[in-house]
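First to last, the protein sequences are chains A and B. Residue numbers for the first sequence follow my numbering, so the first one is 9 and each next one is one higher. Residue numbers for the second sequence follow my numbering, so the first one is -19 and each next one is one higher.
Simulated from the structure, these hints should not be mistaken for lab results. Mixed in with the good hints there might be a few duds.
Claimed, not checked - Residues from chain B that face chain A, not an exhaustive set, calculated with beta carbons under 10 Å:
| id | residue |
| --- | --- |
| 1 | E263 |
| 2 | E270 |
| 3 | Y306 |
| 4 | E420 |
| 5 | N452 |
| 6 | H453 |
Even glycine gets a Cβ: it sits at the ideal position worked out from N, Cα and C.
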Amino acid sequence: MAEDILLGDDFLRQLMSVGEVDLLVAIPTYNNAGTVAQAIQAIEDSYQQNFVRDRVVILNVDGGSTDHTTETILNMNGRKAGAHRGITSLRTVHRVTTQYGRNPSQGMALRTVLAAADLLRARSCAIVSPTTILDSSWIASLLRPAYRQDFAFVAPLYTRTKFQGLLARNLLYPMSRAVFGLRIREMYSDEWGFSGRLATQCLDQNLWGDEAVRARPEAWMAVTAICSGMKCCQSFLGPKAPPPAGSGPDIVETIRQTVGNLFWCFETFQDHWMDRTGTEAVPTFGSDHELTPEDAPASQEKSFELFRTGVKQLDDILSSILRPDTLSLIRKIAGVEAGKFRFESELWVRTLYEFAASYRRTVIARDHILQALVPLYRGQLYSFLQEHRASSLEEMEADSEALCLEFERQKPYLIERWKAKN
Amino acid sequence: MALQDDTLWYKDAVIYQLHVRTFCDSDGNGIGDFRGLTNKLDYLQELGINAIWLLPFYPSPLRDDGYDISDYTSVNPTYGTTDDFKTFLAAAHSRRIRVITELVLNHTSDQHPWFQEARGSRENPKRDWYVWSDTDNKYQGVRIIFLDTEMSNWAWDPISKSYYWHRFFSHQPDLNFDNPAVREAMWDVMKFWCDIGVDGFRLDAVPYLVEREGTSCENLPETHGVIRELRKRLDSAYPGKMLLAEANQWPADVRDYFGNADEFHMAFHFPLMPRMFMAVKLEDRKPIIEILEQTPQIPESCQWCIFLRNHDELTLEMVTDIERDYMYDAFANDKAMRINLGIRRRLAPMMENDRRRIELLNGLLLSMPGTPIIYYGDEIGMGDNIYLGDRNGVRTPMQWNGGWNAGFSSADPERLYSPLISNPVYGYQSINVDSQRRSEHSLLSWTKSVIQTRNSFRVFSRGSIEFLSPSNHRVLAYVRQLGEEKVLVVNNLSSSAQAVELNLQSYKGHIPIEMFGRNLFPRIGDLPYLLTLAPYQFFWFRLRRI
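Okay, chain A solo, but in the shape it has when bound:
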């Protein structure tokens, strides 16, 4: 069994003490002593307010913090809301902490969480980030669909500002929606929920050594649920503050992790999506996603320059990834002046599908393929921002929906390229 080698004796001892639970919320950490307390408190508050009768546990999986993150958690006193006359959980709110290794790894963290969920027979689980400013209602929104209903995967929905989450808007969402046939907007997120059944199923899969799973396991869980015929849904959480500038991975690393993971999912689950046509909406709890106005970012001329430079410098690599006619069109638009530049949806979709197919065939090292996508994404981003700098939220939404439909329209082309020998 996977957990036999995964879980240390002390962790097992803690789990034994907890026993069977209804709900598990996990919080992976790595040097988060400064923020983890507020996250733990939000989880505990949610338990106290929404799940007073239920058997619950807060699980911290730590990647080798050196800033006393786990000590901070262990030293927190439970809030006794209103003592005996206030709203408070009838049962003990358990807190368990463990260190899964000396280096942080999303995959190892998740694997540890899944093993604990499996052993504790948790019915509904959620994972939250220690850096997100959590509202206690978020926890309930992530847990309830799997607990009260029969949903296996719960994706979050946030209130986004107009120009927030553009990689998801222009690539991850429309592409995953077209391929897997479900309209899940935030498949890549720091917060998500899942059922105990899905946890067990994922735990039992022998894919934990794969880099794509280790880096961004949440989308893999979602796709596992979709391809296993389990029910997925979305829960609206509310506004999510963007991470402080410079605190997250750069665009290259982000694309490597997310798009790399998505392409890997295409390959791993290819037997499940080839014959799937059309897309379905998934049940959504709370509001649908919300957009709020935002001033357009400052000039993105640099993005355009990086696009042009990239197309020129990576010509050899791009020629091994893209079909000649596609590359020719890209070279052509890279030659126009910035003010007239436009990366049309049709070309963007075709480009991405050819990248996915090349990734599958490993025409060159996969990491190089993903890196070669970066300048093209910069070009598409520049085009998008130019086009929507002054457009209304509704216009932008309509355009995004049109992009999704373009991905769906060209899906046969993806399948054709996917099956092609070269």
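Got chain A sorted already, so can you dock chain B onto it with the hints?
Showing chain B alone in chain A's frame:
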């Protein structure tokens, strides 16, 4: 030691609560009586209890099960005579069983001569023995206790054309304890029964004795003054007699009723009771630990009284709304099981007749700090009848055997004061004293054994308690200690087997000796002490340093 020499007897008592009407009928009229009860004292002695708490047996219109008293100084003829009571008392004392009676201070029946005089005219000397008003606007905001039946704490008296105050049923007018004559009359009542030889009084509805505008009319300083006055006179005239308070309040509020050991000797710990049920249902020690953490220290000579079930509903006044909802869902999903703010069920049916859970709860009752009270019939696992009115479903005849009327009475069954429990699970043919006496593995035999064990070790009744904090929250563990006597109690509150590691460093070198089988367990060393417990299992270990 002679009974009267042991002035702290109540601390070591195991009290058996019964209503004389329910226990045994000696004259075949379908109603239990003192002669019948006297005949059953051998059974109670055999059970191991050493005090009986008698529910009201005074003359009464019986509109509130005898708590509506119409004469404080005689015995309801239905139950016998005062001489019958004296005979019973002597027989109990000869078996070293003490007797505690009810003293309903707060109110009388509206049929009591005092009230009849008081309502007769506004000039009557007894008029001021009760609380009257020309309007029903006084004491606004004071809570109504019997929500299911009463709309107001004031009732209109058509005879004297004014309102009288009542905290309970409208046929139970509250006495006016601001009147010295009332306090004197109540002292006379106490003297009457003390002279006969009763060992203590359970004072009913204590918090409500005095009323003051702008207050909740509960737990007022003047009420404490009344209690202190009675206690002083009692200690002076009848040393060794005990006062037990019925104050359904939070522990911090009840604490005041112990005063400086100059008010009550004992008081019920009402909030603990529902939390014991809750802890077993939730499979988590949190409810018990939380309420005991909120329980203040009490004077050395005082003691809490703890219980699982009694003649009233399982009261849910001292729980939060969330806890009350949970208790209803867990134990009273049929609305007929609920009354007022509580649950009218007996122990065994609440535990779904699960012997393991019944034993666990009794194990908790008998091992936690306080004097335990066992409600009649619970020692054999009697059932209830939720379809009888009020709380009569838990007041059915005692089931002595499987024969005519369960051995309770020779009357025609139709004449019994209450129908017997007769369903196939809890009926007297299945659940009765005689059949359980024949089996050493019956609940009755087990109860005798556990009471005997408790009675053998004073640490249970007088010892301190230290809760252990094993990480497994399904396990409730504590150490009771009195001098060198130490007992470790470990309870598995869960329906599944549990492993628990106990930090017993303070007891390193001691050998745990399981108290029922007297088996030795491994000596306590440096490592956490590992125990495994079957579902709902509990251990009592004597810790000995040998």
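Structure-based check of all given hints:
Using the Cβ-Cβ criterion of 10 Å, the hint placing E263 (chain B) at the interface with chain A is satisfied: the shortest such distance is roughly 8 Å. Restraint check, E270 (chain B) versus chain A: the minimum CB separation of about 7 Å is within 10 Å; hint holds. Using the Cβ-Cβ criterion of 10 Å, the hint placing Y306 (chain B) at the interface with chain A is satisfied: the shortest such distance is roughly 6 Å. Hint status for E420 (chain B) relative to chain A: violated, with the closest Cβ pair at about 34 Å, above 10 Å.
Checking N452 (chain B) against chain A by beta carbon gives a least distance of about 4 Å; that is within 10 Å, so the hint holds. Taking 10 Å as the C-beta contact cut-off toward chain A, the hint placing H453 (chain B) at the interface holds, the least distance being around 4 Å.
Figure legend: structure checked against the earlier numbered hints; the only hint not met is number 4.
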